[in-house]
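Peer 1: Residue strings, one per chain:
Protein chains: 2
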Amino acid sequence: MAVDVQELVAQARQGRPRAVARLISLVEGASGQLREVMAALAPLTGGAYVVGLTGAPGVGKSTSTSALVTAYRKRGKRVGVLAVDPSSPFSGGALLGDRVRMGEHASDPGVYIRSMATRGHLGGLAWAAPQAIRVLDAAGCEVILVETVGVGQSEVEIAAQADTSVVLLAPGMGDGIQAAKAGILEIGDVYVVNKADRDGADATARELNHMLGLGEGRKPGDWRPPIVKTVAARAEGVDEVVEALEKHRAWMEEHGVLDARRRRRAALEVENIAVTALRERIGDLPADQRLDALAERVVRGTLDPYAAADELIAGLTENGG
Amino acid sequence: MAVDVQELVAQARQGRPRAVARLISLVEGASGQLREVMAALAPLTGGAYVVGLTGAPGVGKSTSTSALVTAYRKRGKRVGVLAVDPSSPFSGGALLGDRVRMGEHASDPGVYIRSMATRGHLGGLAWAAPQAIRVLDAAGCEVILVETVGVGQSEVEIAAQADTSVVLLAPGMGDGIQAAKAGILEIGDVYVVNKADRDGADATARELNHMLGLGEGRKPGDWRPPIVKTVAARAEGVDEVVEALEKHRAWMEEHGVLDARRRRRAALEVENIAVTALRERIGDLPADQRLDALAERVVRGTLDPYAAADELIAGLTENGG
Numbered sequence: 192m193a194v195d196v197q198e199l200v201a202q203a204r205q206g207r208p209r210a211v212a213r214l215i216s217l218v219e220g221a222s223g224q225l226r227e228v229m230a231a232l233a234p235l236t237g238g239a240y241v242v243g244l245t246g247a248p249g250v251g252k253s254t255s256t257s258a259l260v261t262a263y264r265k266r267g268k269r270v271g272v273l274a275v276d277p278s279s280p281f282s283g284g285a286l287l288g289d290r291v292r293m294g295e296h297a298s299d300p301g302v303y304i305r306s307m308a309t310r311g312h313l314g315g316l317a318w319a320a321p322q323a324i325r326v327l328d329a330a331g332c333e334v335i336l337v338e339t340v341g342v343g344q345s346e347v348e349i350a351a352q353a354d355t356s357v358v359l360l361a362p363g364m365g366d367g368i369q370a371a372k373a374g375i376l377e378i379g380d381v382y383v384v385n386k387a388d389r390d391g392a393d394a395t396a397r398e399l400n401h402m403l404g405l406g407e408g409r410k411p412g413d414w415r416p417p418i419v420k421t422v423a424a425r426a427e428g429v430d431e432v433v434e435a436l437e438k439h440r441a442w443m444e445e446h447g448v449l450d451a452r453r454r455r456r457a458a459l460e461v462e463n464i465a466v467t468a469l470r471e472r473i474g475d476l477p478a479d480q481r482l483d484a485l486a487e488r489v490v491r492g493t494l495d496p497y498a499a500a501d502e503l504i505a506g507l508t509e510n511g512g
Numbered sequence: 192m193a194v195d196v197q198e199l200v201a202q203a204r205q206g207r208p209r210a211v212a213r214l215i216s217l218v219e220g221a222s223g224q225l226r227e228v229m230a231a232l233a234p235l236t237g238g239a240y241v242v243g244l245t246g247a248p249g250v251g252k253s254t255s256t257s258a259l260v261t262a263y264r265k266r267g268k269r270v271g272v273l274a275v276d277p278s279s280p281f282s283g284g285a286l287l288g289d290r291v292r293m294g295e296h297a298s299d300p301g302v303y304i305r306s307m308a309t310r311g312h313l314g315g316l317a318w319a320a321p322q323a324i325r326v327l328d329a330a331g332c333e334v335i336l337v338e339t340v341g342v343g344q345s346e347v348e349i350a351a352q353a354d355t356s357v358v359l360l361a362p363g364m365g366d367g368i369q370a371a372k373a374g375i376l377e378i379g380d381v382y383v384v385n386k387a388d389r390d391g392a393d394a395t396a397r398e399l400n401h402m403l404g405l406g407e408g409r410k411p412g413d414w415r416p417p418i419v420k421t422v423a424a425r426a427e428g429v430d431e432v433v434e435a436l437e438k439h440r441a442w443m444e445e446h447g448v449l450d451a452r453r454r455r456r457a458a459l460e461v462e463n464i465a466v467t468a469l470r471e472r473i474g475d476l477p478a479d480q481r482l483d484a485l486a487e488r489v490v491r492g493t494l495d496p497y498a499a500a501d502e503l504i505a506g507l508t509e510n511g512g
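From first to last, the protein sequence lines stand for chains A and B. Position one of the first sequence corresponds to residue 192 (my numbering), numbered consecutively onward. Position one of the second sequence corresponds to residue 192 (my numbering), numbered consecutively onward.
Looking at chain A on its own, in the form it has when it is part of the complex:
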């Protein structure tokens, strides 16, 4: 059944959570109204500051996310949370484990929380997340926290989605730091050592500081990723995280980095949509230009794969547009 998209968008702008939820559902799936929704959202987007939070399981991502929601609410900001972390209490149909803390925000009309299943062979965030972020942005969220589990590819993806990337660590997970070294240390704009009341917090911060090689190869004016120690469960250090985020945002605006990151993010998004659309067209080609007919000729040795690809593209460009 077709939905009145303009009406839904208007309701979402008024902060009606059901309208927001309905819009995200429309853009998440391959609904027939996806394009209509995206077109309606476009002029309303660009106001939100998107913060990515990533880290290995056990570092306290969801507790930190929740504490950040509280901190931003105290500052009067409307906050959206997008959890793409299967281990997150925000994620999945039900809240697991952290029900009380979430319940606190669940009754707050200034907070919109959405969980999202990981999906797709590229690790999940790539597809539905940018669209859901657009919905939250258009709905008037001033800050959007995107929480994702920190495993390899997804960290890189979230860095591509967020204005600012927060990487979380915890003491006693030294192996994790080593393992994540390759990926995680390239993407953080702000580092948080959570559970800082535990033994080894200072050592973790020192190790991190060492591995980041702070100062090395940086030019004056370059951003120096701060390391903030927190005990998110007691809200300790969380204001310092918000300050670090606001500083990074101000630095990005001052240096034209925010705009550059958003253009790069949009370019990636547009390219992914276009390539997916082209892949779909491949499946819709007339029989004699179809991929399976070309593959048959490649197997027979009457056509090489590059010539076959040329024919496929020719078919696409003739039948497309």
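Calculated directly from the structure, the hints in this document are not laboratory data. Hints are not guaranteed to be accurate.
Unchecked claim - So the derived label-pair ranges between C-beta atoms look like this: (1) A:G237 - B:E444: 57 to 65 angstroms; (2) A:L403 - B:A505: 38 to 46 angstroms; (3) B:A441 - A:P248: 44 to 52 angstroms; (4) B:G391 - A:D388: 37 to 45 angstroms; (5) A:V194 - B:T493: 40 to 48 angstroms; (6) B:L376 - A:D475: 33 to 41 angstroms; (7) A:V194 - B:P248: 48 to 56 angstroms; (8) A:P248 - B:G363: 21 to 29 angstroms; (9) A:G249 - B:G223: 45 to 53 angstroms; (10) A:L225 - B:G237: 40 to 48 angstroms.
Unchecked claim - Covered stretches of chain A (chain B as the covering partner; in silico rule of three or more C-beta atoms under 8 angstroms from a C-beta of chain B): (11) 234-246; (12) 437-448; (13) 464-476; (14) 483-493.
What the hints assert, rightly or not - Some chain A residues judged to face chain B by a derived CB distance under 8 angstroms, without partners named: (15) M229; (16) A230; (17) K268; (18) A457; (19) Y497; (20) A499; (21) A500; (22) L503; (23) T508.
Model, not experiment: these values are computed from the prediction. All residues carry an ideal CB built from backbone N, CA and C; glycine is no exception.
Let chain A serve as the given structure and place chain B on it in line with the hints.
Peer 2: Same frame as chain A, but now just chain B:
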């Protein structure tokens, strides 16, 4: 400098290793003669039986590959080896650790060994391997062994490349089995428990047998993946592996599976080449249709990403062909 491709191909057909090496170098990189080589190879391909070997580090993949080379050479077959495993002694510029065993084959004109660096964000095998396989095929290799390290995505990719996929395990790596459960148990046509002289080999085979759920949901005539125990370092059980491979090949031919797999492999290859070519075209579009100009409009909110993708595709199809 342009190479005489026809002459190179003729030399490769005569088993001249330097010609084979030169051809693989031409198809591996983005050489200007890639298409010429691929076109010259096409009519000469289709004769090779491609066997993928995968498994976690430490299971003895390269020792098994070497033992299989010996076994096939005894049967008078010309053998190609493509190692896409950074831990393999075949791989990298130099032979590491296993020099003697490799030296044995290195002086055999009926064996061609090629290593290949893992590359590309999809895990490596996707790109250069199919082209290198075509070179070895056209050069007259009757069996091509493709060795790859078994980590997630690459297993799925090798299964897509090979006619028959061999999954190797070893005793005392129970954790590895559990971890790999999701991926590895879906793709094996033949399972090998190597190092079968060690404690726990029977338990590993039993566990594997249990996890494969042999017989469950299989129809009469379906392929039942055998589990072969080997001690590759002493060539024990290797003839049984060759027998299992030949049985699988015969079964595939009898049931039309071999042809279906090769068509699917070719289709995937053609589609990947086409999508890559289209992505390259995106970079070559005139300025006003360029991705960055569209991304700028998306960031400003004057265009939504789907409409931007439509414009991008329109630009591609106008300027392409």
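Peer 1: Indicate, hint by hint, whether the structure satisfies it.
Peer 2: Tested hints:
1. A:G237 - B:E444: 57 to 65 angstroms: 59 angstroms, holds
2. A:L403 - B:A505: 38 to 46 angstroms: Roughly 45 angstroms apart at Cβ, these two residues keep to the hinted range, so it holds.
3. B:A441 - A:P248: 44 to 52 angstroms: About 47 angstroms separates the Cβ atoms of A441 (chain B) and P248 (chain A), which means 44 to 52 angstroms holds.
4. B:G391 - A:D388: 37 to 45 angstroms: 43 angstroms Cβ-Cβ, so the 37 to 45 angstroms window holds.
5. A:V194 - B:T493: 40 to 48 angstroms: 24 angstroms, violated
6. B:L376 - A:D475: 33 to 41 angstroms: 34 angstroms, holds
7. A:V194 - B:P248: 48 to 56 angstroms: Taking Cβ atoms as reference, V194 (chain A) and P248 (chain B) lie about 52 angstroms apart, which means the hint holds.
8. A:P248 - B:G363: 21 to 29 angstroms: 27 angstroms, holds
9. A:G249 - B:G223: 45 to 53 angstroms: 51 angstroms, holds
10. A:L225 - B:G237: 40 to 48 angstroms: Once the Cβ atoms are compared, 43 angstroms apart, the range 40 to 48 angstroms for G237 (chain B) and L225 (chain A) holds.
11. 234-246: holds (count 4)
12. 437-448: violated (count 0)
13. 464-476: holds (count 7)
14. 483-493: It holds: at least three residues are needed, and the region 483-493 of chain A offers 9 whose Cβ sits within less than 8 angstroms of chain B.
15. M229: Interface hint status for M229 (chain A): holds (4 angstroms vs cutoff 8 angstroms).
16. A230: 5 angstroms, holds
17. K268: Hint violated; K268 (chain A) Cβ to chain B Cβ min 21 angstroms, cut 8 angstroms.
18. A457: 4 angstroms, holds
19. Y497: 5 angstroms, holds
20. A499: 4 angstroms, holds
21. A500: Because about 4 angstroms separates A500 (chain A) from the closest Cβ in chain B, which is inside the 8 angstroms limit, the hint holds.
22. L503: 5 angstroms, holds
23. T508: 4 angstroms, holds
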